[in-house]
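Asker: Using the sequences provided together with the hints, build the complete structure.
As you go down the protein sequences, you meet chains F and G in turn. Each number in our numbering comes from the position in the first sequence (counting from 1) with 14 added on. Each number in our numbering comes from the position in the second sequence (counting from 1) with 91 added on.
Honestly, the hints are just simulated from the structure, not real lab data.
Among the chain G residues that face chain F by a calculated CB cut under 8 Å, a handful are: (1) ALA163; (2) PHE165; (3) ALA185; (4) HIS186; (5) ASN191; (6) LEU192; (7) PHE194; (8) SER196; (9) ALA198; (10) TYR211; (11) GLN215; (12) LYS263.
Just a sample of chain G residues kept apart from chain F, beta carbon distances all over 10 Å, derived: (13) ASN121; (14) PRO150; (15) GLU167; (16) LYS241; (17) GLU272; (18) ARG279; (19) GLN286; (20) LEU296; (21) GLY329; (22) ASP391; (23) PHE403; (24) PRO406; (25) ASN445.
Note that the Cβ used here is the ideal one computed from N, Cα and C, for glycine as well.
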Amino acid sequence: MKGFRLIHSVALIAGLLFLYVPIGILILYSFNASRLVTVWGGFSTQWYASLLSNQALKDAALLSLGVAMASATIATVLGTLAALALERARPGRAKLLFGGLIAAPMVMPEVITGLSLLLLFVALNVERGAITVTLAHATLTLCFVTMIVQARLATLDRSLEEAAQDLGASPWRVTLTITLPLALPGIIAGWLLAFTLSLDDLVIASFATGPGATTLPMRIYSAVRLGVSPEINAISTLLIAGVAALVVTASLILKREKLIA
Amino acid sequence: MSTQRAAGPVRSSFAPWLDPGAKPLVSFRNVRKAFGAVEAVAGVNLDLYPREFFALLGPSGCGKTTLMRMLAGFEEPTSGDILLDGKSVLGVPAHQRPTNLMFQSYALFPHMNVAENIAYGLKQEGLPKAEISARVEEVLNLVRLQDFGKRRPDQLSGGQRQRVALARAIAKRPRILLLDEPLGALDRKLREETQYELVALQEKLGLAFLMVTHDQDEAMTMAHRIGVMQKARLAQVGTPAEIYEAPETRAVAEFVGDITIFEAIVTKVEGEVVTLLHPTIGTIELDDEGDKPAPGTRVDVGLRPEKITLGFTPPHETVNRVEGIVWDIGYLGDMTMVQVKLADGTIVRVGITNRTRRSERPIGWDDRVWLSWDIEAPILLDGAS
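Answerer: Structure follows, in structure tokens:
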């Protein structure tokens with residue numbers, strides 16, 4: 015028993031190190047005074063200060079935030095509607111088919127999703143930029159919202175909706191006053207997840223965007239190709255902090271509503 | 092009326108179903124409902140009257156809930172018609188029907204407090220705010236929860252939740268209140284109290300109640316009439332006393348209360364007295380007011396435990412008696428249930444009221460005893476065929 019416990023502890027620590035040491039090093043080096051990325055030159059916050067004067071990075075960050083918000087909102091509205099429809103559909107082949115169609119982007123390689131969207135935009139002769147990236151991200155994240163909201167709806171007692179109907183509420187009012195408020199924790203969690211996914215997507219954005227609309231991950235990626243600057247470490251640290259905050263918020267909401275164990 | 096003796100010891104002046112001029116509030120006309128190949132309700136005809144408390148009693152899966160949900164508008168009959176105040180309600184969606192349902196799970200909205208729950212239905216009618224709050228106050232008083240308006244459902248006990256669900260359903264002043272196993276989730280003590288409260292409330296409001304239950308005590312205590320549902324059909328409709336004392340079929344007799352059933356052959360019919368022959372008991376005489384079976388027919392005869400007398404010496408009469416051995420004894424406090432095994436192996440259940448605290452001659456296992464009963468006691472049942 016004792017030996018087992020030791021193995022468990024070692025495995026746990028090794029696993030955590032494997033996952034978090036790279037991130038830890040990145041965060042550490044974002045406070046590096048030296049210009050050389052791999053040499054420690056003392057503690058400094060100068061790279062965070064220089065971020066503020068880097069207009070290109072700031073533009074990219076703002077664009078990414080805007081795209082993330084817009085695409086998360088579109089995905090949440092459409093994804094929630096899809097969840098409502100799927101939850102109410104009678105079990106059968108149609109439900110299985112539509113459920114599968116909704117979930118497909120989740121397992122589709124991003125490169126293929128990105129490429130197919132690019133082909134679509136080109137074929138439709140749509141000017142590529144922030145709008146096409148937003149649409150692409152909404153397509154990608156919709157399935158996640160649907161999944162979370164549907165899980166929430168499945169836990170709701172159907173008799174609540176029947177009771178509302180029995181008390182004189184039309185189906186439309188039942189949805190507005192009973193179903194949606196009760197599904198809200200799932201909807202919020204879905205939005206947060208969609209936002210996060212959009213914020214750190216590189217592949218699909220690269221395909222769907224055009225000149226003049228460079229998202230933050232794209233900017234970082236292209237900067238890294240020219241050589242890693244400590245500024246990149248700083249912006250990455252900020253990004254990690256932001257995403258972590260959102261993910262923690264989302265999982266706290268889900269946990270409080272007992273959506274996940 | 093004829094000189095028929097009434098079934099059971101209770102006399103009630105409320106009996107609109109006996110009045111041919113009375114207008115029913117709800118009429119089920121040959122209502123049938125099938126889910127795929129499964130027939131949940133098979134051709135039910137039933138009239139419910141204003142101010143009536145009607146209980147649909149039956150085992151789970153007998154179709155009683157489906158019948159009620161069709162009146163509420165959650166299911167549409169496959170065929171047949173449902174009339175409310177003489178007008179068909181088929182095709183009218185649930186939210187436009189003047190019925191309200193109290194759900195078995197109570198279905199209180201968890202994101203609203205008690206007052207908001209009750210006000211929900213009134214808001215849908217577009218009533219002015221002042222009237223809504225007055226009505227909420229009124230029904231909260233009615234269910235004795237006047238100080239609980241601000242509480243959330245998860246801050247209430249089971250009994251309180253049940254009362255909120257009731258308050259919410261009556262706040263709309265429906266034409267008929269539907270109750271789906273209203274006391275099912277309460278513990279026994281609370282259930283008994285609530286039974287009488289519900290009856291008092293029903294009388295006070297003058298509202299028709301249709302209750303679905305699988306609990307015969309609940310149906311017996313509360314309802315004016317009971318409809319026993321079995322296998323998607325309404326097996327018998329009658330007052331609690333009629334159902335218990337004069338069940339029409341063997342299935343109803345066995346479902347409601349305790350009964351021992353014998354198969355016997357009719358030997359003679361004289362006026363109201365039917366004489367039967369049973370291989371072990373010998374001659375059984377009974378008094379029956381219904382249609383008499385012809386001599387020679389095989390019939391089922393039922394005996395309720397409390398109508399049998401148990402003695403240690405043979406009774407004077409030579410009919411309606413049988414000897415047996417005490418097989419098992421169940422002491423219940425207020426009464427003792429004795430199972431007596433006859434010569435042919437039949438077990439007869441006999442109920443003895445424990446009138447005294449001490450007994451001259453206590454009953455013991457394997458005692459030889461005589462069972463006897465009155466000519467009024469045996470119930471002649473259909474369904475021996």
